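If you're matching them up, the sequences are chains S and W in order.
Residues in the first sequence are numbered consecutively from 1, following the UniProt record's numbering.
Residues in the second sequence are numbered consecutively from 1, following the UniProt record's numbering.
No wet-lab data here; the hints were simulated from the structure.
These numbers were taken from a predicted model, which means no experiment stands behind them.
Do not take every clue at face value.
[Claimed, not checked] Cβ pair distances, simulated, as ranges:
| no. | chain 1 | residue 1 | chain 2 | residue 2 | range |
| --- | --- | --- | --- | --- | --- |
| 1 | S | Val190 | W | Gln152 | 30 to 38 Å |
| 2 | W | Ala74 | S | Asp85 | 28 to 36 Å |
| 3 | S | Ala169 | W | Gly119 | 52 to 60 Å |
| 4 | S | Arg393 | W | Leu23 | 38 to 46 Å |
| 5 | W | Ala74 | S | Ala169 | 51 to 59 Å |
[As the list claims (entries may be wrong)] Reference listing, derived: stretches of chain S covered by chain W, where coverage requires no fewer than 3 residues with Cβ under 8 Å from a Cβ of chain W:
| no. | segment |
| --- | --- |
| 6 | 152 to 165 |
| 7 | 204 to 212 |
Every residue gets a Cβ at the ideal spot worked out from N, C-alpha and C, and that includes glycine.
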Amino acid sequence: MSGSGTGAAAPGAGAVGAGAAGAGAAGAASPPTVDEIAAALAEDPVLVGPRFGNGDTAAVRQELGELVAAADLPTYVVMVDPPADLSGSDPAADLASRLFEASGDADATYLVHLGAESYTHEVVGFGEAPGRDELFARQPGAAFEGGATAGVTPAGVLARDLEVLLDDAGVDDDAWDAYASTAPWAETDVWEPAVPPPDASDAVFGPALLLVAVTGGVVVVTEAVRRLRVAAPPASTWLPSSTSGRRDRPDDLHDAASVRRRLDLELTAASEAVAAAAGTEGSPAPERRERRDGSLDTARRLADRLPADPEAEHLADLVGALVLTRTALREAQSTTGRGPRRRRREPSAPTPYACCTLDPRHGEATGTREVPVGDRTLDLPVCEACERRPASRLAVMQVPGDRWRRRQQPYLEQDTVWSRTGYGAFVDELWTHVADDLRSRREVGR
Amino acid sequence: MRTATRLAAEVVAGAGLATALLLVLPGPGSVAEQRVERYGGAGDRVTEAVAGMLEDRVHVPADGRAMLPPAAEARVFAAIVERDLPVYVTVWEPSWFAGYEHPIQAAEQMAWALGEETGEPALVVLWQGPDDGYLEATPGHRWAPEGASYEQERPQFLGEAGTRLTEWVTGLPTGSPDASPFAASEAGSTVGGVTSGVLAGLTVTAVLAAIALAVTTVRGRSRRT
Chain S
1 MSGSGTGAAA PGAGAVGAGA AGAGAAGAAS PPTVDEIAAA LAEDPVLVGP RFGNGDTAAV
61 RQELGELVAA ADLPTYVVMV DPPADLSGSD PAADLASRLF EASGDADATY LVHLGAESYT
121 HEVVGFGEAP GRDELFARQP GAAFEGGATA GVTPAGVLAR DLEVLLDDAG VDDDAWDAYA
181 STAPWAETDV WEPAVPPPDA SDAVFGPALL LVAVTGGVVV VTEAVRRLRV AAPPASTWLP
241 SSTSGRRDRP DDLHDAASVR RRLDLELTAA SEAVAAAAGT EGSPAPERRE RRDGSLDTAR
301 RLADRLPADP EAEHLADLVG ALVLTRTALR EAQSTTGRGP RRRRREPSAP TPYACCTLDP
361 RHGEATGTRE VPVGDRTLDL PVCEACERRP ASRLAVMQVP GDRWRRRQQP YLEQDTVWSR
421 TGYGAFVDEL WTHVADDLRS RREVGR
Chain W
1 MRTATRLAAE VVAGAGLATA LLLVLPGPGS VAEQRVERYG GAGDRVTEAV AGMLEDRVHV
61 PADGRAMLPP AAEARVFAAI VERDLPVYVT VWEPSWFAGY EHPIQAAEQM AWALGEETGE
121 PALVVLWQGP DDGYLEATPG HRWAPEGASY EQERPQFLGE AGTRLTEWVT GLPTGSPDAS
181 PFAASEAGST VGGVTSGVLA GLTVTAVLAA IALAVTTVRG RSRRT
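All chains, please: the whole structure from these sequences, using the hints.
Below is the structure:
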């Protein structure tokens, strides 16, 4: 049996054998008998018909034939409809036993698959030939449970089992998995009945969609980014320039001359606002009226002391005058009902103006932040930009040092009314301290 | 930059990017390639059936012979020839392991191959047993003979193969000599076309715009507060 079985395993002979003598066994509608199967196996040890060939029966037969030929003992691959009267509980093993008997009890391995609409298969070894025990011992994953057959046709499963039996070490994982992805063993791709046949209109649908969607996407994203930039300018490049919330570029206040120009404009506007408020006001709180008038008066006096074409050394005073001007404007607005309000807490009272302590040119403070100043850490009112800026990028307004040391230094590190008051952050009424300082300066002739 | 100019520049940039993507991305292939990919690549069992049907309209492999003996096969063949209909019949036993995932897929592949071979739409009857028969026209066409009843257009194929198939073919209406028993298939026209593509693209753009509007609005409000 051994000689005849493996001897007939040449691919060509196997295919011819199954196609001729084995035709009845491999392809007939009526289930073949055991004798018909045995007769077919005598001519070709691989009995696989087109219903089991995964669309490429010749290749399946050839590769199975090569594996069978490599076996030491006779090996047979049987893929047929189940003959009548087989065991109900284990028909594949029963068929193997009957074929073993029909062969004259010759040691052999039978790899049996029954039915073209069934996954019933079995590996049975007789005598010295390896069988199911050796298969599972060498390749525990060959157990039918656990998805061992997933993605692999029954012919592929038998081929894989056969490959395991050919080597005491079994097969490695890659070779094992390859059966689920390579022809002729892998299952046919899932067929999608809902997919319509492609026609000319399908060919232009995708490009049209892509063209419009990408173009629209570019426009939308670009516009969105632009909107975000306008609505939320980077902290380091945009500065609020007035108490009205209008924002200007930092270049507007980058030097003493530009601050001077801004001061003159805002001083005029604040004077008009205060005059208007004085003419129409009802009865503002006395402290607010005093702050309004005192701040405006002090800002004017300070501005009058400063040259129309200022130098860098005048920057701190110019900025101070600007802060006082904005304070006066805010208080005037509180009388006329304009200006920003704290929501909920003071629904009808605009908040007193407080500048960004780090650099009053940034505009109004919107929050606080701990800032190291000298050997201390101060909790300072800061603008939104400084509030969000990394600590490494925080910068206090730089002003020139004294007459002998012109080096730029943070204004907070100088001994001036501005460093002592923090432009209003450390005191209740900035204008009183500035007014006192102006008097002192007059007395010493500065 | 003026708004109109800026928008025009953005549209040009977007169209340029889309064109570049169309050139770079692997496309689905031509329509012909897609159709071959879907219906071609039939396995040997289907290919053998197509060859058999091209030869004498009715293909019965060994496994199907019990369902349609030679005498019955001859009757079916004679009925088809007599009516001069583009009907082709295969009778075989069902299988899960013959290179197609579903018998309808096998029937589609047969109808496709027959259409390619003959240059005319074909109608394939794949009989696997009572109540296990399938009727498929060459893709792109729909079997709709003039005057046919619903049962004639969509037969259930019960009973014995030879008797049922002969009766069905014989009962089909003749129609006018020039009338094709096929109509254009509705399939393929539901989502395709430039208009549909543009509308789909606009829908995607609208969704993006809504998201962008929501994001910019939320960010703007969070900053103001």
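Hint check results:
1. Val190(S) / Gln152(W): 30 to 38 Å: About 32 Å separates the Cβ atoms of Val190(S) and Gln152(W), which means 30 to 38 Å holds.
2. Ala74(W) / Asp85(S): 28 to 36 Å: Between Ala74(W) and Asp85(S), where Cβ atoms are some 34 Å apart, the hint holds.
3. Ala169(S) / Gly119(W): 52 to 60 Å: Holds: the Cβ-Cβ distance is about 56 Å, inside 52 to 60 Å.
4. Arg393(S) / Leu23(W): 38 to 46 Å: holds (43 Å)
5. Ala74(W) / Ala169(S): 51 to 59 Å: holds (58 Å)
6. 152 to 165: holds (count 3)
7. 204 to 212: holds (count 9)
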